[in-house]
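Participant: Single-letter residue listing:
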Amino acid sequence: MSTATGTSVESGAQPPREQARKQSTMAQALNRALRDSLAADPSVHVFGEDVGTLGGVFRVTDGLTKEFGEDRCTDTPLAEAGILGTAVGMAMYGLRPVVEMQFDAFAYPGFEQLVSHISRMRNRTRGSLPMPLTVRVPYGGGIGGVEHHSDSSEAYYMATPGLHVVTPATVADAYGLLRRSIASDDPVIFLEPKRLYWGKADWSPEQPEEVPEIGRAAVRRPGTSATLITYGPSLPVCMDAAEAAARDEGLELEVVDLRSLVPFDEETVVASVRRTGRAVVVHESAGFAGPGAEIAARVSERCFHYLEAPVLRVSGFDIPYPPPMLERHHLPDVDRVLDAVSRLQWESEWRAQDAGGGVN
Amino acid sequence: MTVLEQSGAYHLAPPPDWRPRRDPAPLLPDGEPFRLLGTGAELDGELLRELYGQLVRGRRFNEQATALTKQGRLAVYPSSTGQEAAEVAAALALREQDWLFPSYRDTLAAVARGLDPVEVLSLLRGDWHSGYDPRASRVAPLSTPLATQLPHAVGLAHAARLKGDDVVALAMVGDGGSSEGDFHEALNFAAVWQAPAVFLVQNNGFAISVPLAKQTAAPSLAHKAVGYGMPGRLVDGNDAAAMHHVLSEAVERARGGGGPTLVEAVTYRLDAHTNADDATRYREAAEVESWREHDPLRLMERELRDRGLLDEAGVREAAEAAERMAGDMRERMHQEPELDPMDLFDHVFAHRTAQLHEQAGLLRAELQAAEAEGTPAAGQRHGGRQQDDERGGRE
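Chain order of the listed sequences is R and C. Going letter by letter, the first sequence gives residues 1 to 360 in this note's numbering. Going letter by letter, the second sequence gives residues 1001 to 1395 in this note's numbering.
Worth flagging that the hints you see were computed from the coordinates, not collected in a lab. Hints should not be assumed to be uniformly reliable.
[To be verified] Now the in silico label distances, taken between C-beta atoms and shown as ranges: (1) C:1305 x R:42: 53 to 59 Å; (2) R:111 x C:1024: 54 to 60 Å; (3) R:318 x C:1343: 34 to 40 Å; (4) C:1369 x R:304: 21 to 27 Å; (5) C:1336 x R:50: 50 to 56 Å; (6) R:318 x C:1031: 39 to 45 Å.
[Stated by the list, open to error] Sample of chain R residues at the chain C side, in silico, Cβ under 8 Å: (7) 87; (8) 88; (9) 305.
The structure displayed is predicted, hence computed values, not measured ones. Heads up, the beta-carbon is just placed ideally off N, CA and C, and yes, glycines get one too.
Given only the sequences and the hints, what does the whole structure look like? Please build it.
Facilitator: So this is what it looks like as structure tokens:
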């Protein structure tokens, strides 16, 4: 993707290295991405409920109204369909709206605008009216939220042709992917894993190490025994599981962070599973007809002759998101991931022992 | 311990003085729909003649499109017969730079705005969703979901104002659409933002079969405006002069920074909801006949004749112009549209995903195989498959 904004990210000024290294949270990185996008492109407009004076309930839009004025970062009436619907009209007129849905389940009143208009307007008008808008949706559980504050709705968005669906799992990706999303000429559902908002990392916006293109997965941990395919809030769980498997079982699990669900980086996933011969898909949302179903089907189609075991899924249960005092029983944790790994068929020769041998 | 005992400093102070923030009276519509025809009001003769010509064209357009459904050339047609005055006025009240946001019934407003009838009918013919370029014509795609185009109009109007452009957005919706959530959210946003937007509700009596009395308990749809803090105007929707006057006033008010207006046009759908609907199941013939007396064409023709602005020659001239348009429509609609199935993949995203590349490859191979076998590419896949099967499958 080569857009003006994307290019300016990559060619940003480079301050002295010692000043650049510092700790940042994902929320701060997202805030910085919004600020940089607003500064770089006058057509970018941020709006939504509470995004102005309050700075968003998660403070992701903190200070934007003060810095850019009420016309660029605007508090709206409380109405998700209205926010998304007016964003359509603004995009029709050449602006780049960035709207916030505040919480995952609050986006549902806006679904008609998403599926009937935002996802189709380019198609309907043969490219005359592209929809360069970004919908920020804080999503997922693990923060003790009450009902309607912890849903993982990515399967709905993924099932809607015309939408990109992106979800960062690291502080650096939060910055880079949000800038790419805002610069994209297509609508992007930008899913922000709430429980990673306050996770800190060595990252400085003055020196972004990586501004990934939308649609490229990342191998977060190389391995040879099996591939864990995951994204967003489940990435840290999978990284911990891979550490534990290496320590306790001598298994080297490869961890693939999808980063983008649509477009789906089939090549990276397929290459990994063909190397390891085994795969587990891990996500929080319900398993039935969930993202893992699609991914497992694709892996089976493309890797059938390389697979030593069926592709397994570790997901949330097929239940409405549980009340906070019970959510720990619902969310995939390290033990559940390791249990799935142990259910992979290990009778045949371990690929780990067949160093670099591939499949004959 | 009661609450009162706990709060020792409790005083029986009155609540803060509260009054409505704005006087609602100026926002309320008049009790009777606004009329101009037959009142002897001073009117621009040129405008009346222009409106008459457009009404005649519009009626002919509705008749021709309905005929095309009977010939299988249109999948469906929601006629605006009886509502031509509102349609035409909506188009003529706008300036070149303004935007129109029509619903699926408002094909005529798009045609009156100058769009090619065949391009406007593309959605209903089924060759593509929007046959015209909205950016070039400043007519948004015909919206099938009800009232969802209203917030688009508000967003566009707001964006234009942010850019300092002189643009007004006029959004059209029916009485049924006024019950949808998007209607409420659009009007609320428009009023809060003081967006240069105008909302035109064509109250044609029925949402398919449900009459207005079962649709809303509001005194009138125009009365809903006061709840949003914008003026509501009630107009005789069959009086083209009144419609043009009120809409022009609302559009220019928005242009001047006065904010949005809600206009209710009281009219009647003389035809059924679409050609697929049986209107005799939910309304009496006598009711329809009484509205024929109030036909927008008859009202305008009578007015022009009374003022000495129209004679037999003028009537014939308008009819002939409309007939030329209908003839051209008919001829072009009877031609098979040229379709390229590969277009299906061209406008999903700015750049095709790997998965769409793969699927486009599959369709291209199918089309090439069909061509090699001499099978017409479109609509003949089943035949092609059968031949594959006879050869022992596709692999």
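Participant: Each of the hints needs a verdict: does it hold here or not?
Facilitator: How the hints compare with the structure:
Between residue 1305 (chain C) and residue 42 (chain R) the C-beta distance comes to about 56 Å, which sits within the given range of 53 to 59 Å. Taken as a hint, the range 54 to 60 Å is violated for the pair residue 111 (chain R) and residue 1024 (chain C), whose Cβ atoms sit roughly 34 Å apart. Taken as a hint, the range 34 to 40 Å holds for the pair residue 318 (chain R) and residue 1343 (chain C), whose Cβ atoms sit roughly 39 Å apart. At about 26 Å, the beta-carbon gap between residue 1369 (chain C) and residue 304 (chain R) stays in the expected band of 21 to 27 Å.
Judged by the Cβ atoms, the range 50 to 56 Å given for residue 1336 (chain C) and residue 50 (chain R) holds: they are separated by roughly 54 Å. A hinted range of 39 to 45 Å for the beta carbons of residue 318 (chain R) and residue 1031 (chain C) is inconsistent with their spacing of about 57 Å. Evaluation of the residue 87 (chain R) hint against chain C yields a held restraint, the C-beta minimum of about 6 Å falling below 8 Å. Annotation: interface hint on residue 88 (chain R) holds; nearest CB of chain C at approximately 5 Å, less than 8 Å.
Hint status for residue 305 (chain R) relative to chain C: violated, with the closest Cβ pair at about 17 Å, above 8 Å.
Hint compliance for this structure: hints 2, 6, 9 are broken, all remaining hints hold.
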